[in-house]
Amino acid sequence: MAKVNFKRRLTNEEVDELPVEDGSLIITKEGSLFIDYDEERKQIQGGKGADYDSLPVGSVIDFEGTEIPEGYEEVENKKVLFNGKENNSLILNEDVNNYSKLLIIFCANNVYNSIIVDNPDGKTISLFTSYMVDANTLKISSKNITLSGTTISIGNYMEWNNTWGNSNITSSKSNSIYITKIIGYKQEVEI
91 MAKVNFKRRL TNEEVDELPV EDGSLIITKE GSLFIDYDEE RKQIQGGKGA
141 DYDSLPVGSV IDFEGTEIPE GYEEVENKKV LFNGKENNSL ILNEDVNNYS
191 KLLIIFCANN VYNSIIVDNP DGKTISLFTS YMVDANTLKI SSKNITLSGT
241 TISIGNYMEW NNTWGNSNIT SSKSNSIYIT KIIGYKQEVE I
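Residues in the sequence shown are numbered from 91 upward in steps of one, following the working numbering.
Worth double-checking, as some hints may not be accurate.
[As the list claims (entries may be wrong)] Below are the DSS-like pairs computed for lysine-lysine, each with C-alpha atoms no more than 27 angstroms apart in a straight line:
#, residue 1, residue 2
1, K271, K191
2, K169, K271
3, K191, K213
4, K271, K213
5, K175, K191
6, K169, K191
7, K169, K213
8, K191, K168
9, K119, K132
10, K276, K213
11, K271, K229
12, K213, K168
13, K175, K271
14, K213, K263
The set of hints was computed from the structure by calculation and includes no laboratory data. These figures come from a predicted structure and were not determined experimentally.
Model the full assembly from the supplied sequences, consistent with the hints where possible.
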């Protein structure tokens, strides 16, 4: 864990008299903000007409606003790996091994569902939808898919219909579930 030396209630002139001590965060009475980093003192916030610098690249992991400060790189935590409508095997634009979680969005008969898969590479998962066709009929669709590298391959699939008051449940070998979007997440996130 890094040590931070917090110093406050100094004037800007008194800051110049302090020795540079790596890890020091200095706030002056005038509202200026200095940081000692890598044996150098940088003014990162100042009053009117102040001349200040930004922190070195890699030293800031978060910032406010929508603009990325100059010299910093935006690190995407999520990426859309597939966006379309496919009910057969498909190729993703990046390896699932690069992601700790996948959000898979899918539909059957315009009824949408989703599933979150932790550590997805090599896993076989079941996609499942159910919906009421009318007041008396329930339709259930199911499909197994396997995630491996950049490939999603389909396995078994089935569709069932059950009408209220009818003891017959009809089934068909219908590949009715379509994958519509897959989003990969690199770090642990609440989805």
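Quiz prompt | Given hint K213 paired with K191 - CA-CA distance at most 27 angstroms | solution = Within the cut-off at roughly 12 angstroms; holds.
Practice problem: Would you check the hint for K119 and K132, treating anything up to 27 angstroms between C-alpha atoms as holding? | Solution: holds (17 angstroms)
Quiz item: Holds or violated: are the alpha carbons of K169 and K213 at most 27 angstroms from each other?
Solution: Given that 27 angstroms is the threshold and the Cα spacing comes to 20 angstroms, the pair holds.
Exercise. Would you mind confirming whether the straight-line C-alpha gap from K213 to K263 stays at or under 27 angstroms?
Key: holds (23 angstroms)
Exercise. Quickly compare the C-alpha distance for K175 and K271 to 27 angstroms and report which way the hint goes.
Key: holds (8 angstroms)
Quiz item: K271 and K229: Cα distance at most 27 angstroms?
Solution: holds (23 angstroms)
Exercise. For the pair supplied as a hint, K213 and K168, confirm whether the alpha-carbon distance does not exceed 27 angstroms.
Key: holds (20 angstroms)
Self-check item: Pair hint K271 and K191, alpha-carbon separation not exceeding 27 angstroms
Solution: holds (14 angstroms)
Quiz item: CA of K191 to CA of K168, is that 27 angstroms or under?
Solution: holds (9 angstroms)
Quiz item: Would the pair K276 and K213 pass a check requiring their Cα atoms to be no farther apart than 27 angstroms?
Solution: At roughly 17 angstroms apart (the allowed maximum being 27 angstroms), K213 and K276 satisfy the hint.
Quiz item: Taking only the CA atoms, is the gap from K169 to K191 under or equal to 27 angstroms?
Solution: holds (11 angstroms)
Quiz item: Regarding the pair K175 and K191, is the alpha-carbon distance no greater than 27 angstroms?
Solution: With a Cα-Cα distance of about 21 angstroms, the restraint between K175 and K191 holds, given a limit of 27 angstroms.
In this structure, every one of the numbered hints holds.
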